[in-house]
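**Student:** Just so you know, the protein sequences line up as chains A and B, in that order.
Following the working numbering, the numbering of the first sequence begins with 1 at its first residue and continues without gaps.
Following the working numbering, the numbering of the second sequence begins with 1 at its first residue and continues without gaps.
Among the clues, some could well be false.
Here are the computed lysine to aspartate or glutamate pairs in the EDC-like style, where the Cα-Cα straight-line distance is at most 16 Å [stated by the list, open to error]:
#: 1; chain 1: A; residue 1: LYS54; chain 2: B; residue 2: GLU99
#: 2; chain 1: A; residue 1: LYS1; chain 2: B; residue 2: GLU26
#: 3; chain 1: A; residue 1: LYS68; chain 2: A; residue 2: GLU5
#: 4; chain 1: A; residue 1: LYS53; chain 2: A; residue 2: GLU67
#: 5; chain 1: A; residue 1: LYS68; chain 2: A; residue 2: GLU3
No lab work stands behind these hints: they were computed from the structure.
Remember, predicted model here, so these are calculated numbers, not experimental data.
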Amino acid sequence: KNEVEQSPQNLTAQEGEFITINCSYSVGISALHWLQQHPGGGIVSLFMLSSGKKKHGRLIATINIQEKHSSLHITASHPRDSAVYICAVPSSITGSARQLTFGSGTQLTVLP
Amino acid sequence: SQTIHQWPATLVQPVGSPLSLECTVEGTSNPNLYWYRQAAGRGLQLLFYSVGIGQISSEVPQNLSASRPQDRQFILSSKKLLLSDSGFYLCAWSGPTNEQFFGPGTRLTVL
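Extracted from the complex, chain A is given alone in its bound form (with noise of 0.2 Å):
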């Protein structure tokens, strides 16, 4: 069964800072989510990607398939960033792509 691992577990910025969140991963995968989950629990889907770089307004996500690793970018970060950021993945490469593992989630906060 795939592990996943997110780091830092706490991230405290202060507003405009350039945020990394990284994830790795331990079996290959089709592809990794990134999901922000907001202080409601309310979950949104940021990013599915299988390969290079995905961008979106202000983040980045980018993934390399050989290392097992990804992360997720956030520039010119606002105190409206602050949330929890999951990547999950495949749970097993023979299983369904339906079936995700997630990690346990990277508490950002930004500071006016």
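Mind docking chain B on chain A? Use the hints.
**Tutor:** Then chain B, alone, in the frame of chain A:
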């Protein structure tokens, strides 16, 4: 566009009482459906998933069950709640791309 609904939003139930949480999806056909639980301070745990009406796969043995009576309806149930069932329950759906989209969640407190 697709939307996913869950209700109730919050629920407080005594130990031993039954449970029924409902999830419905609009704007898509034959979605894959999922129930997740997030215990306090813990990560997301997949409880059940369904690839079609009446087809349920269970990931974790427990006193919960799931049913899919219609294509876009997914129900999570229990006959007798335990204290350990407290948590935040999320329903999600996915289509052919396997990207998952989450509902607003139900916060369950078992007393």
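**Student:** Could you tell me which of the hints above the structure violates, numbers in ascending order?
**Tutor:** The structure breaks only hint 2.
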